[in-house]
Amino acid sequence: MSAGLALRDVGRVYDHGRITALEHISFDVKPGEFLSLLGPSGCGKSTLLRCIAGLDHPTSGTILLDNRKITAPPQKLGMVFQRDVLVDWRTLLDNVLLAAEFRGLDRRALRPRAMALLERFGLAAFAQRHPWELSGGMRQRAAICRALLCDPEILLMDEPFGALDAMTRDDLNVELMRICQTTSCTVIFVTHSITEAIYLSDRIAVMSARPGNVQKIVAVELPRPRPLEMRETPAFTNYVKAIRQTIEGRPGALPLDPARDSVPRPPIMGAMAS
Amino acid sequence: MRARFLDWAIMALIVFAIVTIWQVAVIVFQPPVILLPAPSRIWLDFWEAPSYFLRNTFYTFATTIVGFALSVVLGIVLAVAIISSRILDRVITTLLVLLNSLPKVALAPLFVIWMGLGMEPKVAIAVMLAIFVTVADTVMGFRSVDPDAIALARVNQASPWRILIKLRLPSALPALFVSMKVATSLALVGAIVGEFVGGSTGLGFVILTAQGQFDTSRVFVALVLLGLLGSILYHIVELAERLFVPWHVSQRNG
Numbered sequence: 001m002s003a004g005l006a007l008r009d010v011g012r013v014y015d016h017g018r019i020t021a022l023e024h025i026s027f028d029v030k031p032g033e034f035l036s037l038l039g040p041s042g043c044g045k046s047t048l049l050r051c052i053a054g055l056d057h058p059t060s061g062t063i064l065l066d067n068r069k070i071t072a073p074p075q076k077l078g079m080v081f082q083r084d085v086l087v088d089w090r091t092l093l094d095n096v097l098l099a100a101e102f103r104g105l106d107r108r109a110l111r112p113r114a115m116a117l118l119e120r121f122g123l124a125a126f127a128q129r130h131p132w133e134l135s136g137g138m139r140q141r142a143a144i145c146r147a148l149l150c151d152p153e154i155l156l157m158d159e160p161f162g163a164l165d166a167m168t169r170d171d172l173n174v175e176l177m178r179i180c181q182t183t184s185c186t187v188i189f190v191t192h193s194i195t196e197a198i199y200l201s202d203r204i205a206v207m208s209a210r211p212g213n214v215q216k217i218v219a220v221e222l223p224r225p226r227p228l229e230m231r232e233t234p235a236f237t238n239y240v241k242a243i244r245q246t247i248e249g250r251p252g253a254l255p256l257d258p259a260r261d262s263v264p265r266p267p268i269m270g271a272m273a274s
Numbered sequence: 275m276r277a278r279f280l281d282w283a284i285m286a287l288i289v290f291a292i293v294t295i296w297q298v299a300v301i302v303f304q305p306p307v308i309l310l311p312a313p314s315r316i317w318l319d320f321w322e323a324p325s326y327f328l329r330n331t332f333y334t335f336a337t338t339i340v341g342f343a344l345s346v347v348l349g350i351v352l353a354v355a356i357i358s359s360r361i362l363d364r365v366i367t368t369l370l371v372l373l374n375s376l377p378k379v380a381l382a383p384l385f386v387i388w389m390g391l392g393m394e395p396k397v398a399i400a401v402m403l404a405i406f407v408t409v410a411d412t413v414m415g416f417r418s419v420d421p422d423a424i425a426l427a428r429v430n431q432a433s434p435w436r437i438l439i440k441l442r443l444p445s446a447l448p449a450l451f452v453s454m455k456v457a458t459s460l461a462l463v464g465a466i467v468g469e470f471v472g473g474s475t476g477l478g479f480v481i482l483t484a485q486g487q488f489d490t491s492r493v494f495v496a497l498v499l500l501g502l503l504g505s506i507l508y509h510i511v512e513l514a515e516r517l518f519v520p521w522h523v524s525q526r527n528g
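Chains as they are written, first to last, in the working numbering: chain A, 1 to 274; chain B, 275 to 528.
The set of hints was computed from the structure by calculation and includes no laboratory data.
Some hints here could point you the wrong way.
So the derived list for chain B, only partly shown, Cβ under 8 Å to chain A, looks like this [stated by the list, open to error]:
id, residue
1, Leu-373
2, Arg-417
3, Asp-420
4, Asp-422
Pairwise CB distance ranges (calculated) [to be verified]:
id, chain 1, residue 1, chain 2, residue 2, range
5, B, Ile-506, A, Trp-132, 30 to 38 Å
6, B, Ser-418, A, Val-174, 34 to 42 Å
7, B, Val-371, A, Glu-133, 36 to 44 Å
8, A, Gln-128, B, Asp-422, 48 to 56 Å
9, A, Glu-133, B, Val-307, 56 to 64 Å
10, B, Glu-322, A, Glu-133, 37 to 45 Å
11, A, Gly-104, B, Asp-422, 38 to 46 Å
12, B, Arg-364, A, Trp-132, 36 to 44 Å
13, A, Glu-133, B, Phe-518, 29 to 37 Å
Note that the coordinates shown come from a computational prediction; the quantities given were computed from them, not determined experimentally.
All residues carry an ideal CB built from backbone N, CA and C; glycine is no exception.
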């Protein structure tokens, strides 16, 4: 199962309207689609994702999940954060099962599924290890297993590979793509890497900053499965060029815009960027 | 395991060295017994009436343990109340700060008037002394949970109760154990203060009567027993810490 999402003129202001984080955001996400939110730091892409997760609320407009307005975190939602958020006192397996325990589900019933997920990510041998004994890549793999444990219809990923080294990041891109092909789950993926967005996505919502809005939606019409080498093909690099031009072409989206930077940036914008 | 044995050996050696220096100093400088008795003299004094000393030590031990346990349990309950409601936070914090600002020694006679000469006023004073640090550290522990972990719990439909049990409590454990180490000694202080003020049992009472008779050696017996008692309590908490939070950075080997 997968869920469709509709954003209708979504806006989010902070500090009684003094800071506009998001403005006039409207787009649809089809069931089973992989959509990336791509943009520079501080463009509000994480804020938007938190609104979709029901953790934050838009101050204007609505977000509909299968035609129902999101007011609290939806049932069939999985989330992966930039940091793995594994707890130190539990083994990898128990960390994955924590998602079930939060939901009050039977641990024992979900144990085989948790083991199967760890197996798929090559972590079966480390199921009884603690997070602090493992590498960053392994930890983030476990975080993805935890998000997938309760069979989400929609998976939200907030720069999940942002803290990893380039090689681990490539590995995880390939693994994520493989997993997405075997499930019908809708994925919304936040990133500031153009390459990563093109490689993974069906469509990319390119965002600009201050106020954050969607500048353009790019459909990535590259065939699947996509091998990593595809990133060097002309078709791929054309997408990179086009998106880069979209981001850089817009005045105001540039980081050094004197008119906008004369106003000191409030600290909350920094918090939202993370 | 070997490293652990070595730790204990070093500790014993340090104690032995201090006792030896003390003994030698008394032999060399010959201070009056009323000022500083030799360790050998203190030891002999203990052996004159071991059951008397042990009975009183046990009484102080029981008071301290009950006071300590109550302050930990009450402390956790109050900490949960503080983090769960802004109004409760205001009320409890105001009362605790007020209570903590009063010198507990000054309150002790009042507790004796209210509760009599039994164990109750001593336990009450021990709790009053030990509870503040427990509440403060536990609240801090509860509040230092990773905000992303809370977000993760909420995305997974966790109720506030489940967030408390599955996230807040385990992540507050390291802070709780630190506060418990401090609380053992504070509870011991509370017990002794209570015994000074009223009653006729406990190491505090032993010290008070020995002082009345200028029996310095007996004061020292009680002090040594108090030191042992405090150290044992501390190490029990430390042992529990190793068992319950082996995952914490401070407990990992190597």
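How the hints compare with the structure:
Of the supplied interface hints, the one on Leu-373 (chain B) is violated, with its beta-carbon coming no nearer than about 33 Å to a beta-carbon of chain A, more than 8 Å. Interface hint status for Arg-417 (chain B): violated, as the beta-carbon distance to the closest one in chain A is roughly 16 Å, over 8 Å. Satisfaction of the interface hint for Asp-420 (chain B) is found here, the shortest Cβ-Cβ separation to chain A being roughly 6 Å, below the 8 Å cut-off. Because the beta carbon of Asp-422 (chain B) sits about 5 Å from the nearest beta carbon in chain A, less than 8 Å, this interface hint is met.
For Ile-506 (chain B) and Trp-132 (chain A), the Cβ-Cβ distance of about 32 Å falls inside the hinted range of 30 to 38 Å, so the restraint holds. At roughly 36 Å, the beta carbons of Ser-418 (chain B) and Val-174 (chain A) sit within the given window of 34 to 42 Å. Taking the beta carbon of each, Val-371 (chain B) and Glu-133 (chain A) are about 42 Å apart, inside 36 to 44 Å as hinted. In this structure the hint that Gln-128 (chain A) and Asp-422 (chain B) lie 48 to 56 Å apart at CB is violated, the actual value being about 24 Å.
For the pair Glu-133 (chain A) and Val-307 (chain B), the supplied restraint of 56 to 64 Å holds, since their beta-carbon distance comes to about 59 Å. Between Glu-322 (chain B) and Glu-133 (chain A) the Cβ separation comes to about 56 Å, which falls outside the hinted range of 37 to 45 Å. About 21 Å separates the C-beta atoms of Gly-104 (chain A) and Asp-422 (chain B), a value inconsistent with the hinted range of 38 to 46 Å. Checked against the given bound of 36 to 44 Å, the beta carbons of Arg-364 (chain B) and Trp-132 (chain A), roughly 38 Å apart, stay inside it.
One distance hint, 29 to 37 Å for the beta-carbon pair Glu-133 (chain A) and Phe-518 (chain B), is violated here, with the actual separation near 19 Å.
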